[in-house]
Amino acid sequence: MELLLIKEGFPLLSFLIFLPLAGSIALLFFHGQTFARLWTLLITSLTAVCSLPLLFGFDPASSKYQFAEAYAWIPRLNINYIVGLDGISILLVLLTTLIMPFCVLASWKYIQQRVAPFMFCLLVMETSMVGVFVALDFVLFYIFWEFMLIPMYLLIAVWGGPRKAYASIKFFLYTLAGSVLLLVAIIALYLESGSFFIPEMMWQPYSLTFQVLVFLAFFLAFAIKVPMFPFHTWLPAAHVEAPTAGSVILASVLLKMGTYGMLRFCLPITPDATLLLAQPILWLSIAGIIYGGFTALAQQDMKKLIAYSSVGHMGFVTLGIFVLNGRGVEGAMLQMINHGVTTGALFLCVGMIYERTHSRELALSMGVGKYMPWFVTFLAFFSLSSFGFPGTNSFIGEFLVLAGTFEHSTSLALAAIPGAVLAAAYMLRMLQKVVWGGTANPDQSYLTDLGPREIAVLAPFLLFVFWIGLGPQPFINLMHTSVSALLNQLHHWQQHQQVAAVLWN
Amino acid sequence: MDIVASTTDIVENANLLLAVIIPLLGSLAVMTLKNHPNRREFVSFCAAMLLLGMVLSFIPALKAGKTLVYPIFQLLPGLSITLRADGFAMIFALVASSLWVIAVFYSMGYMRAHDEPCQTRFNACFALAIFGAIGVAFADNLLTLYLFYEIVSVCTYPLVAHHQDEESYEGARKYIVYLTATAKFFLLPALILIYVLTGTLDFPHNINTGIIPVSAPGWMVTMLYIFCIFGFAKNGVMPFHHWLPGAMVAPTPVSALLHAVAVVKVGVFCTTRTMLYVFGVDTMDRLFLGIPTAYFVGFTIIVASMIALSKDNLKARLAYSTVSQLSYIILGVALLTPHAIEGGLIHIVNHAFAKITLFFCAGAIYITAHKKYISEMSGLGRTMPFTFGAFAVASLSMIGAPPVAGFVSKWYLLVGSMEAHQVGILLILIASTVLNVGYFAPVTYKAFFGKRPTGQAETGIKEAPLSMLIPLLIAVTVSVIIGIYPNFMMQFVWMVTG
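In order, the protein sequence lines correspond to chains A and B. Position 424 (the first sequence) corresponds to 425 in the working numbering; numbering is contiguous. Position 283 (the second sequence) corresponds to 621 in the working numbering; numbering is contiguous.
Derived from the structure by calculation, the hints contain no laboratory data. Hints may contain errors.
Partial selection, computed: residues in chain B whose CB lies under 7 Å from chain A [what the hints assert, rightly or not]: (1) D503; (2) E504; (3) I812.
Where a beta carbon is used, it is the ideal one built from N, C-alpha and C, also for glycine.
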């Protein structure tokens, strides 16, 4: 177990995983609305504060799994409780814990019915999301991965919009379909390697056929989650019907699990298959970028617009991952965080307008800018960030991804550029409509501008937009060692395999 | 020239940051003074004066052979947001800051005389546009240049859409689509590819070397070069020039700002900065990029002038005149001989002062006489002698007649084209001069010597209000002064060429 830096003393990661779960139990007994809100805010804030020591205790110079804890769980089946954190997962864990209090705040007035169960679902979600990012045992990972489906399903199906039944079932079926194959792959890997400990499954000399099959099973599960074109159709439906907090969690955290899975499992466990199949995945990413852009351009529903923009943005992430070089992967990871910040904030913005106009139709939100100057100021900055305005977070993420892509192939990178143009087009279109509208705007004079609670919700997102945009170095430093270790091993593996190929052929 | 470069002292100076931030702060202050129009305009004026003072304060250091820099943010290795004041930057910074002072006065007169709505938004965005322009002027690398270039695009949208009617929304839509699409489509990949090729986007301190390594494949450098020319679509080079006439729906002070300072000059400044400091004279010579560019923009010069001839709307005629004149600047730099580069760069200044005068005149005529079309302006010069007098002098500058500033640029450009042994370019310059006469002279002639349309003999039209007349007279005086004493501005141009 030299891969783990076992944390002595206080089990911080387990605490972060189970604190929300423990907090949720209280909500089973006390149903008061105000209590539920305040209690959940307290628990999520406490989790957020307690996750900050991760940042200070993390050693960015080491590629080992840190803060690790390992306990035997079901020894007969070789299943253990092992958790740990490395440069690939730390930012995602922090993103999750930090974004949750804002989801609670965003639901403060939005959710009026069944408040306690709603908050219960949020807390259970948090447990499973943190669990997914820190689990190092595959069974544990799978449990958290599946565990998440139920509260998310309920969030959409109970508190969702008019077509909630359709959207929630679609979400559930799509994700479940992917997960089943994931389970098969996990068992197959266990039979081959004899262990469920994820790092022990990596860099093993599996046969190419086995790798390709496992890779495809992984890939399908993760591609649905990302979602990659053409597995994306559940996303717009789920986003549109979900309540604001659900959309934010979905966009900011859940989608990242797909790309996290690709980095954590596809690359190191099935390196040969990754190298073999990278090219088609790259072009699939390009297709997603372009398709997402065009579809977003045609939307009249703001949530759908942002949902399709997510398809495009996540296309940039998978593009960055599968060019398999340092700039690309670091850009992709940065872009995962950026997308979480920016798109989460955009969904919050749409939620705020929905609370006022009770509609997400772009046509009904025309000309809001005149009556809600604070709102449109925030919206403008987040929209600019979303299409990669220089100086904002997405610019630096896209810049690195595209730089990595140019290193890989000029034509591939040039093919992705129209996606950036389209992003500017649909975001500016939305912004123009909301801020200015046209000559026949609906009467918006009854609207009230953002209150202090809403400004307090959006302001931290804006801080991160500019912090990452103007000083990305600390964020990149956190991930750098882990990413280079991963890529070094991959390229070493590649040479190794080439030598083997020469020797045996 | 290498000796000059190596003896250049690079000094860190935080005042650069202050200079860029002044218009931003000015804009924020304007926003808070919504209900106090007088104080609001006073704040704008103070910000403009402060900025001008700050820019002027850099001159002694530059004369002593120093280059001022100030790094703000380090994003990645070789990728930073950094400011720099050198001769090249000063050419544009001086123009932008001094014209802002004049424009604040003029737009106050215009907007109040016309009773325009949303004057606070107008003033705030005006200041933001200047913020972008000053940032462009002082950019030390391609990323900073791109950042401020995009800030200008976004912040001028509200100015173009100011009237909020169908026509202005349409013009503004065209404006933003052209500018952001070209920037994203051409500039972004160029930026990234250059970074991948060289590991940096920082400009060197001379115009010869550029940053592109000699080992880079020629086709790729050529592609990047073309991307950069088209990417900065604010330079008005055909075929991406349509946004400019479309943006004519804006109030006249905005047109003046767009055409003289903030937008088109940002475009040509970025283009020439990139040509000289990213690619460099050596690379452009080696890959034979200069002369084809000169002919390419020569096409724009001639065609835009011919379109201008056909326009009866004064502002539209001026717009096409701008399209044509901007290409002079690129043409001069593309010829790559020292005199031609000097002629091109000084034309940034000369065109700015003359064109802002012309637009100020157009606005004054519109406010006073409510006339937009040249055919309606016959005989108007007799009632508005100062306005049309200024118009006449500024047209002379456009045509390139002594002693007005335009003569200096045309002189250098002609000398440069002869040095480069390009008879074709010489012919283009001569033909365009004739065309300039063709579309400017009749305006003045008709105004002073044309017959008033029948039935409009005594309309009671008087001279424009003083708040508009004074700024435009100042602008035209400056045009004459820099025509007679060109050395004040030329010293910065000489710093560039060594």
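Status of the hints after comparison with the structure:
1. D503: Status holds, d = 6 Å.
2. E504: holds, 6 Å
3. I812: Hint violated; I812/B Cβ to chain A Cβ min 34 Å, cut 7 Å.
The structure is inconsistent with hint 3 alone, although it conforms to all the rest.
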